[in-house]
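Enquirer: Put together the whole structure using the sequences plus the hints.
Listed here are the chains, written in short residue letters.
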Amino acid sequence: MFSVIRQATRARSMPLRAVRTVPSNIVRMPACRSIVTKGYTEEHEVVSFDDETGLGVVAITNHAQESLGDVVFVELPAVGSNVSKGNQIGAVESVKAASDIYAPVSGTVTEVNEVLNSEPGLLNRSPEDKGWLCKIKLSAPDEMKELLTLEGYKATWES
Amino acid sequence: MSTVRALSTHTARQFLVSGSGCRAPHNWTAGPGRINLRGLATSAEASLRKTGLYDFHIANGGKMVPFAGYQMPLAYGNIGQVASHTHVRTEAGLFDVGHMVQSNFRGRTATAFLEWLTPSSLISLAPYTSTLSVLLNENGGIIDDTVITKHSDDAYYVVTNAGRRDRDLAWFKEKLQEWNASDRATGGQVEHEVLEDWGLVAVQGPAAAQYLQGLTSFDLRELTFGKSAFVPIEGFNLHVARGGYTGEDGFEISIPPSQTLEVTQLLCNAPVQLAGLGARDSLRLEAGMCLYGNDLDEDTSPVEAGLTWVIGKERRETGDFIGAEGVRKHLKDGPPRRRVGFIVDGAPARQGAQIYSSLEKELIGAVTSGIPSPTLGKNIAMGYVKSGFHKKGTEVDIDVRNKLRKAVVTPMPFMKPNYWRG
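The listed protein sequences derive, respectively, from chains A and B.
Just so it is clear: in the first sequence, position 70 is 70 by UniProt numbering, and no numbers are missing.
Just so it is clear: in the second sequence, position 228 is 228 by UniProt numbering, and no numbers are missing.
Treat the hints with care, since some could be wrong.
[As the list claims (entries may be wrong)] Ranges between beta-carbon positions, derived for each pair:
(1) V408(B) with N62(A): 34 to 42 Å
(2) N62(A) with K332(B): 53 to 61 Å
(3) K406(B) with N62(A): 27 to 35 Å
(4) N87(A) with G388(B): 34 to 42 Å
(5) D320(B) with T156(A): 58 to 66 Å
(6) K145(A) with I58(B): 41 to 49 Å
(7) S84(A) with L266(B): 54 to 62 Å
(8) N62(A) with E196(B): 40 to 48 Å
(9) A270(B) with T156(A): 37 to 45 Å
(10) T156(A) with N60(B): 22 to 30 Å
Don't read these hints as lab results, they were simulated from the structure.
Every value quoted in this text rests on a predicted model; they were computed, and no experiment measured them.
The beta-carbon is built from N, C-alpha and C at its ideal position, and this holds for glycine as well.
Expert: Rendered as structure tokens:
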């Protein structure tokens, strides 16, 4: 429980900051009382889910960006597309390699981080915050429970 | 260690000289791992060879990955691939290429023997001069690309690819036996010696010459691109060839096993920085150079590969070399496909990406290597297209993750080489 609260505090400011950098028609309630939970996949995606809005912000982890190196291109899904957990929704390209991004949860893509089109390096500088990839309106919020905790995620790659 | 292991997966897949070709560009991420940053099974690592500089790499923060049967450094410490690449373009980098196979061919008929194995003009090659060449199979397909250095009519120094070690060495053995048993060897037998465990390091970049000059009394201005010499370096007498695999001025230095570490330590002080396979791949691709297994294979002739220039002019019509018939057919009728360069809009197109004509959307070929170019800030690629679509400026479409991206056939090298020609 403690870790959920800690993550909630960390994550709360994220959508607000995103609003400042990205023109968006989604109006956010300031100081909302919702709880934001984070879930990770073994494939290095992370979702921050706000139970108030039902939106999940999808990003790749800091560990993933470190391993990829300098990101030069980010392919994002189409706004409005319906995705099922496991669908390929985009890709991140570095000089070293291309890596596909898969939907960590099911739902409808409501917004993508257009800043990444002109500034893919944002993904290296701020992978889990300003470098978010897209927002998904979850069709099955229970899927969040299937995701890994931060500790569980770290255990998948830390030896 | 996790990061090291993490990097090995995609690098191994991306760099592994597979020969299978036509892999979907993003396939390294496919399968249950998806963004698979985890390592390969470690059992495979035990059978990998090490160069004489393995411990040196580890001590310098080298991230070791499997490459062509060796454990080789992908990068060092926290220096990213782009930073390392740029350092070589602007200053100098040192690459361990000791995994490559160094050989000597000696004997009175060595020139004739190597002119049988390759389409190169070696009779007219001046002593202590190198040439890029190809080993061809009976059909004229490329067994390997190689650099041949002539020391004299009866002594050659040959460097071949690590990833083709078994194939090449078996081929040399077989052909040497055939040669020495034939009438053609009556003038003298040919011997082949592999310089096992010898070191080979490449110092590359605009600052390389000035740095090396500080270690020798030999006037390196005389050693122009493609020349080689035995150069005294701080008491060591070493074979130094001017050239490399980056498009920059530079040197490849061959070192006896017992001296490899000491010489390398002499060579890698500031401004020379250690550079790994990552930078090596992006540098060579910008320079338009082939990676065997990606861009060349046994089903590809030198004419298709854009390597007609390695075939000696006087040998094109009448040269008696293995594979001559197939090569001559491509020279005469034109090759069915050709290796060309591309600049790709939007997403980088990588190995395996399919190429379509821009009008009829006809499948005309595939990308064999592709990256976002650190120097140009554009996506560059090389690949094979049907003849007719190979001309400079031809617009094509390349499929990247089911989206067609516009690409233009672009002459290679993608950047102006910076060789020392005196």
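Enquirer: It remains to establish, for every hint, whether it holds in the given structure.
Expert: Going down the list of hints, with the structure as the test:
no., hint, in the structure
1, V408(B) with N62(A): 34 to 42 Å, "holds, 37 Å"
2, N62(A) with K332(B): 53 to 61 Å, "holds, 58 Å"
3, K406(B) with N62(A): 27 to 35 Å, "holds, 34 Å"
4, N87(A) with G388(B): 34 to 42 Å, "holds, 38 Å"
5, D320(B) with T156(A): 58 to 66 Å, "holds, 60 Å"
6, K145(A) with I58(B): 41 to 49 Å, "holds, 42 Å"
7, S84(A) with L266(B): 54 to 62 Å, "holds, 59 Å"
8, N62(A) with E196(B): 40 to 48 Å, "holds, 44 Å"
9, A270(B) with T156(A): 37 to 45 Å, "holds, 39 Å"
10, T156(A) with N60(B): 22 to 30 Å, "holds, 29 Å"
The earlier numbered hints are all upheld by this structure, with none contradicted.
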